[in-house]
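Trainee: Chain by chain, the residues:
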Amino acid sequence: MAVRVIKDKCKGCTKCTKNCPFEAISMDGKLAVIGDNCTGCGACIEACPFGAIEKVEEEKKGVDISAYSGVWVFAEQRDGKIMPVVLELLGEGKKLAKEVGCELCAVLLGDGVEALAKELFAYGADKVYLADDKELATYRTDAYTKVIYQAIEEYKPEIVLLGATHIGRDLGPCLAVNCGTGLTADCTKLEIDPDDKKIKQTRPAFGGNLMATIVCPNHRPQMSTVRPGVMQKAEKDESKTGEIVKLNVQFAEGDIRTKVLEVVKTAGEMVSLTDAEIIVAGGMGLGNAEGFELLKKLADKLGGTIAASRAAVDAGWIEHSYQVGQTGTTVKPKIYFACGISGAIQHLAGMQNSDYIVAINKNDSAPIFEVADYGIVGDLYQVIPAILEELEK
Amino acid sequence: MKIIVCVKQVPDTNEVKIDPVKGTLIREGVPSILNPDDANALEAALKIKDENPGTTVSVISMGPPQANIMLRECLGMGADDAYLLSDRAFGGADTCATSTTIAAGIRKIGEYDIVFAGRQAIDGDTAQVGPQVAQRLGIPVVSYVQDVKLGDGKVTVQRQLEDGYEVIEVQTPCLLTCVKELNEPRYMSIYHIMDTAKKEIPAWNHVDVNLDPANCGLNASPTQVFRSFTPEPKGKGEMLSGSVSEMAAQLVSRFNEKHLI
Numbered sequence: 002m003a004v005r006v007i008k009d010k011c012k013g014c015t016k017c018t019k020n021c022p023f024e025a026i027s028m029d030g031k032l033a034v035i036g037d038n039c040t041g042c043g044a045c046i047e048a049c050p051f052g053a054i055e056k057v058e059e060e061k062k063g064v065d066i067s068a069y070s071g072v073w074v075f076a077e078q079r080d081g082k083i084m085p086v087v088l089e090l091l092g093e094g095k096k097l098a099k100e101v102g103c104e105l106c107a108v109l110l111g112d113g114v115e116a117l118a119k120e121l122f123a124y125g126a127d128k129v130y131l132a133d134d135k136e137l138a139t140y141r142t143d144a145y146t147k148v149i150y151q152a153i154e155e156y157k158p159e160i161v162l163l164g165a166t167h168i169g170r171d172l173g174p175c176l177a178v179n180c181g182t183g184l185t186a187d188c189t190k191l192e193i194d195p196d197d198k199k200i201k202q203t204r205p206a207f208g209g210n211l212m213a214t215i216v217c218p219n220h221r222p223q224m225s226t227v228r229p230g231v232m233q234k235a236e237k238d239e240s241k242t243g244e245i246v247k248l249n250v251q252f253a254e255g256d257i258r259t260k261v262l263e264v265v266k267t268a269g270e271m272v273s274l275t276d277a278e279i280i281v282a283g284g285m286g287l288g289n290a291e292g293f294e295l296l297k298k299l300a301d302k303l304g305g306t307i308a309a310s311r312a313a314v315d316a317g318w319i320e321h322s323y324q325v326g327q328t329g330t331t332v333k334p335k336i337y338f339a340c341g342i343s344g345a346i347q348h349l350a351g352m353q354n355s356d357y358i359v360a361i362n363k364n365d366s367a368p369i370f371e372v373a374d375y376g377i378v379g380d381l382y383q384v385i386p387a388i389l390e391e392l393e394k
Numbered sequence: 003m004k005i006i007v008c009v010k011q012v013p014d015t016n017e018v019k020i021d022p023v024k025g026t027l028i029r030e031g032v033p034s035i036l037n038p039d040d041a042n043a044l045e046a047a048l049k050i051k052d053e054n055p056g057t058t059v060s061v062i063s064m065g066p067p068q069a070n071i072m073l074r075e076c077l078g079m080g081a082d083d084a085y086l087l088s089d090r091a092f093g094g095a096d097t098c099a100t101s102t103t104i105a106a107g108i109r110k111i112g113e114y115d116i117v118f119a120g121r122q123a124i125d126g127d128t129a130q131v132g133p134q135v136a137q138r139l140g141i142p143v144v145s146y147v148q149d150v151k152l153g154d155g156k157v158t159v160q161r162q163l164e165d166g167y168e169v170i171e172v173q174t175p176c177l178l179t180c181v182k183e184l185n186e187p188r189y190m191s192i193y194h195i196m197d198t199a200k201k202e203i204p205a206w207n208h209v210d211v212n213l214d215p216a217n218c219g220l221n222a223s224p225t226q227v228f229r230s231f232t233p234e235p236k237g238k239g240e241m242l243s244g245s246v247s248e249m250a251a252q253l254v255s256r257f258n259e260k261h262l263i
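Protein chains in written order, with our numbering: chain F, 2 to 394; chain B, 3 to 263.
To be clear, the hints were calculated from the coordinates, so they are not data collected in a lab. A couple of the hints might just be wrong.
Said to hold, decoys possible - Result set (SDA-like, lysine to any residue): computed pairs, CA atoms no more than 25 angstroms apart in a straight line:
1. Lys-260(F) x Val-169(B)
2. Lys-10(F) x Phe-228(B)
3. Lys-19(F) x Ile-71(B)
4. Lys-297(F) x Ser-247(B)
5. Lys-4(B) x His-194(B)
6. Lys-201(F) x Arg-229(B)
7. Lys-128(F) x Cys-103(F)
8. Lys-151(B) x Lys-96(F)
9. Lys-238(B) x Tyr-382(F)
10. Lys-19(F) x Gly-31(B)
11. Lys-96(F) x Pro-233(B)
12. Lys-234(F) x Lys-260(B)
Sequences are here, hints too, so could you generate the full structure?
Mentor: This is how it looks when you write it as structure tokens:
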């Protein structure tokens, strides 16, 4: 999509120049001019009071899209365990497949992982494409890209979904370039257009300040990475079975140009923020690293876990793996306690879908109160002990 | 050793505010900065230069002419050369098309041992362009790099994972995308600012880098923005009042009523 200014309608009000997130519009006298920075985001179309800016659909060369069918989910596994996001992708993928009217398939790579196919069937996959090879034991960009790219070329899926993990966000872009198609990163919403059955992918952009809905009209497959913790997990049905299709795996000398020398797990378990039902998160208002001990008391009492804002992570009070927000984890627990967190848009992007948000902050004008279901203005070092005391009763 | 660093000028999205009445972005007064992860990428290159005399560091960016200001900043930090890919034909590019243009620019610069890039830019947060440039150049890529050690014809890096990291050996030439844990970017120095003040920053268009306009910018972008909108705020809830213990009691009883705790 590109945008165009309709000269007769433009009154020179400059509203579009102020609303353009990319400073792409300048004024030539009384006429708005779209410049090189334009990404076609369309913010100006909504901002223009005179309807003087319009979308221009471009005729583009693409591929024969009718040759492509099926929704594929990349069944990312680590150490022989299916990643939680895969179950979310299968849940979402099932819905999409139903609307398009096609099958749901999982793509499973690893070494000695065939047994996991059963789990993928139980969670809704109709078919599992399996590549089992010792070279695929741990994820490597070259190896995984080659195998999955070849499978895409051969079986031509219409939609490919990957979890937006550190692995999915590495594999996705490489696959997209090889397939000559587009990839939408970190999607938080996927829909099928009822008319043309194409996928609409919505994602936060601009640090969460803007949401963009992206389409990939003329190229296949349509690819998305999906933020973990956003989509609904698939229901498990142990009785369900499916078909395993073995993929051809052959590597020549020089195909795989990296060697994994060691895999190091840092301090304890992976922080399972996405699965937590109750999260007690702390920000700058804690004042120090020790503050998290108090939060932990509340979290333990409620059977939840602690988390942090970016500011608290940047201050070195807690590890990055606890970070909630645009550049951290997206969470949607039943209750989210935001303690001493002001509520920057980047943080809100990662937690505003929580069922209930409790904000505890000294500053009564903190933006966090705008999204809170319950707001308490006060010192968290007094409020949290009071809540703990109340819970004891 | 020859190093190329891919950088991007971005609006400081931390400074962007939403107009509470109209629900639109307030762009006025938002500064343009060197993308934070790219600063880590440049620092990684400059550190190698500090420790290995004879190393050259070139930075390359795609963007409008104003991006020169950021490239000057890179020279001020210690980069040897800077190049700007700037052309109307490059405009409206998605990550796929951007990677084609940047790869063409890198080819024009010439030989290299390592290409560094930031993990992702804060205006798009896609983390796609780095790996895609590597694919187009036909070189191996390691993303999320948090530590770099040079070897002979290879580099050993740490690749950050959600729950730890991998130690990966990769042959050169290669492309590495950097995370902020890798290092602390240096400031510009007066010496480098003075030294590079007269240095020309070549601006290359599609002809300079041998690209057909059909293969760059909007024309070569498989993805299109269908629409964009500001997210709807969730809406304000209930402000509890009273003494601290009263508020705590109210909160607990609200959740008890809902059988949540």
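Trainee: Take the hints in turn and mark each one as holding or not.
Mentor: Status of each hint after checking the structure:
1. Lys-260(F) x Val-169(B): Satisfied, since the Cα-Cα distance of roughly 8 angstroms is no more than 25 angstroms.
2. Lys-10(F) x Phe-228(B): Roughly 23 angstroms separates the two Cα atoms, so the pair holds.
3. Lys-19(F) x Ile-71(B): Roughly 22 angstroms separates the two Cα atoms, so the pair holds.
4. Lys-297(F) x Ser-247(B): Status holds; Cα separation ~20 angstroms.
5. Lys-4(B) x His-194(B): holds, 19 angstroms
6. Lys-201(F) x Arg-229(B): Distance ~10 angstroms between Lys-201(F) and Arg-229(B) Cα, so the pair holds.
7. Lys-128(F) x Cys-103(F): holds, 12 angstroms
8. Lys-151(B) x Lys-96(F): Violated, at roughly 46 angstroms.
9. Lys-238(B) x Tyr-382(F): Distance ~24 angstroms between Lys-238(B) and Tyr-382(F) Cα, so the pair holds.
10. Lys-19(F) x Gly-31(B): holds, 10 angstroms
11. Lys-96(F) x Pro-233(B): holds, 24 angstroms
12. Lys-234(F) x Lys-260(B): holds, 23 angstroms
Checked against the numbered hints given earlier, this structure breaks only hint 8.
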